[in-house]
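The primary structure of each chain is shown beneath.
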Amino acid sequence: MQKYSIFNLIKNAFSGHQNWDLAWKDPTPKKEYDVVIIGGGGHGLATAYYLAKEHNITNVAIIEKGWIGGGNVGRNTTIIRSNYMHDDNALFSEFGMDLWRKMSQDLNYNVMFSPRGIINLAHSDAQMNVYARRGNSMRLNGIDAVLLNREQVKEIIPMADFSDNVRFPIFGGLMQPSAGTARHDAVAWGYARQADSMGVDIIQNCEVTGFDVVGGKINGVRTSRGDIKVKKIGLCVAGSTNILADKLNMTLPIETHLLQACVSEPVKPILDRVVTFGAGHFYISQSDKGEMVMGGDLDGYNSYAQRGNLPTLQHVLTEGIAMMPFLSKLKMLRTWGGIMDMSMDGSPIIDKTHIEGLYLNCGWCYGGFKATPASGWTFAHTIAQDRVHELNAGYSLNRFNTGHLLDEKGLGTKTWIS
Amino acid sequence: MLYIKCPYCGMRSQNEFSYGGDATVKRPELGTEVSDQDWDNFVYNRKSLRGKHWELWQHLSGCRQWIKVERDTATHEIFKTLKASEEVS
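Note that the protein sequences, when read in sequence, are chains A and B.
Going by the working numbering, the letters in the first sequence line up with residues 5 to 422, in that order.
Going by the working numbering, the letters in the second sequence line up with residues 17 to 105, in that order.
So that you can see chain B by itself, here it is in the shape it has in the complex (with noise of 0.2 Å):
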């Protein structure tokens, strides 16, 4: 069970939240010339890191934000989460 902290509700147990995966994936700008592989990198393609993994996460039975869990993909230790808004430093 991991236990996540999240920014606005505190400490809360996994089942209330749901993944939404690398949270490094940026969405290409609207408004420019995307290549097809611009797409693909933002659609399809991911790194899927062994060890420290930034990653989104919803507290879907809580306050329903979204937020940013940094977390190591084979321990699982979680080492700081944020506020979806806010940026990794």
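Bound-form chain A, shown alone (with noise of 0.2 Å):
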């Protein structure tokens, strides 16, 4: 593989840029692998890496039914945090930020990790000490995090509206200094870049049509460009998890939910953290471009539209104009939406099935995005190892039966349904 380095950018430059190998192939189906990848998304990209990478596993398909990285890794408000305070979410999530530390020089393409801190604003007494206990759990953990009062988050984010007379005032925040943001498209491309060059077949145009499942094992799958055999698969195709668990007659503790997100037209820096808004569902970061990247709640009733409705947007900016009054002055300058799996307790599922060589990831909400490198990391080991790491032991499929859910805010069940 062509090494991405300011030497070759020199070398390349003498002729126009025109001998750039291609970043990854466009291979025809072999009749047999295995592994076999579903979803040519973040996931399921990094899921192929690591597969290759950690267990020397290389005779992998990822299969993907439109083009790599057109789904929610394309659609997203690119945050990376880990500001949890169950100990599962906190530890998978730490151990993914260490890994966005390191991707850019791990994959040999500049992802643009810019870890410049996320601030979740508290409105109230209540939210103060909601936050610090949060933070105290955080910090054991060994994730940083700091409880600012008011003074000292109107030093950060002066443009917020500080003024007496508003109905929620900003009493202080939650700053978790290490999270931030990362080029979203250049995850997905630097995953399948190193993936391709181990040998991991990346296929694209090809939808799934059905499973062959033999005496409860897995056996092959069928697709748009043939059958394959295969004896291991795995699922990762977030809003499409049901469409596809219903060809396998399992019924899973996941609704499919559409989420929207926007930007403004750029303007001049003025925001250099990440920022919620804490009495409602809102959040904002400025992009390199300049544009206000923002997004905020669920359309709120099952969708696979892949494009929102206005109401929801409507409120959500409302929430953003509270917090920060100048955004109305700007121009909106896009706006899309995504479709979530959203699991019943609001945590995901790494995990293995019923049936032998199904392997499940889903149910990652609003937050698929920072999980990738963990995610990829963690189901890589599930599906090599057969059996569950450490790490996302806590997010096994049984735990909605045995009663361990992993409920992050308190809300009980359908957290989206208000």
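Read the hints as simulated data drawn from the structure, not as lab findings.
Mixed in with the good hints, there may be bad ones.
Here are the simulated distance ranges between beta carbons [unchecked claim]:
#1 B:T40 - A:K251: 37 to 47 Å
#2 A:Q310 - B:V104: 23 to 33 Å
#3 B:V104 - A:Q389: 13 to 23 Å
#4 B:W82 - A:K413: 21 to 31 Å
#5 B:Q81 - A:N133: 34 to 44 Å
#6 B:V41 - A:H21: 26 to 36 Å
#7 B:Y19 - A:T322: 37 to 47 Å
#8 B:A100 - A:T417: 17 to 27 Å
#9 A:S228 - B:V104: 47 to 57 Å
#10 A:K413 - B:V41: 18 to 28 Å
#11 A:Q109 - B:Q81: 23 to 33 Å
#12 A:N402 - B:G47: 21 to 31 Å
A virtual CB, placed ideally from N, CA and C, is assigned to each residue, including glycine.
Put the complex together from the two separate chains, hints included.
Here you go:
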């Protein structure tokens, strides 16, 4: 594989950048693989990469219905964080933070990881207490957390509304300084390029039409580009999880919902952190191009539409303007929607299933992008070793049956129904 | 913007309604032996269909009645609405 470096950049400049190798090939599917990963998004590509790198399993195919990186990894708000209270979520996410810090070097691809810090704003004394508790839990798990008072927050984000007569005054906030953002497309492309170079077949425009299950074991997968014999299949299809589960006669604790995001016109640098509104659901950061990147609530009803409805957008942006009034002056550049695999307790599932050789990776709710490396790493381990790693042991499928829910917000089941 | 025909009030905008999820889920009968699997299916497990989906909505800012709506989850087309007490035929 051609290494990306300053020397290669200069060398290729002499030939007008016409002679770069393709970043990944376009192979036709083989008849048989050791492992097939369904879904060429961030998690699927990362899983294939770590299967090859950590477990030396390279006879692997990624099957993608559309094009790689065309789903949620290309549609998110690029936030990376590990500010969780529960041990299972905190340790998993912090393991991921470490992979994020090394990712550009590891993949020889600039993913533009920018650890600019995230601030969750608090709007009451009670919320400050909750944040103090979460911050302490984070620090016990080795994650950086700083509780900020009103004046400290004002120093960092003076453009927020600190006037006296607002409905939700800013009392303070909880900051994770090491959190940040990254270039989402580069993550998908970086994993794809490395996986391809180690022998993984990335097969695009290939839809899964069925599964070949014999005696409770995976024997193959049927696709629009022919049948493939395989003993191990990893399912990484986010919002399409229920559609494929139905082909396997499985009913999962997952519903598919639509989440919107939007960006404003680009403006000069004003916000150098990720900030979340604490009295609702709204988050904002500024991209390197200057756009304000914003998101918030689900549309609120089951949806596979991949496009949003305006009432939700209006609701979300009302929160944004309440927090940072200058946003009302900006023009909207672009809005879009993606379909989320909402799990019933708000935490993901990375586990084996009752079908031998079928592995499940789903339930990422609002937080799939930041989990990309840790999800790929633990899912690759689960597939290669046929057992879960201690990092994803809490993300079991049967926790809903045994009552070991991972309900980070303490809101109970189906938290998206309000 | 969805427009939902409330069986009590007529056509109203989505803003007046709140969503209640899959309408085909049945609570296990009281006074009978209920397996853990039955409870899981009631509380957690969902088909989450792509296409026609019977679901519950409440006309929260209107008559406050619960209703059943048959909607396509991919196109948002609404085919039929019923009172909550009416059975899906």
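Of the hints stated earlier, which fail here? Hints 1, 3, 6, 7, 9, 11 are the ones this structure does not satisfy, whereas the remaining hints hold.
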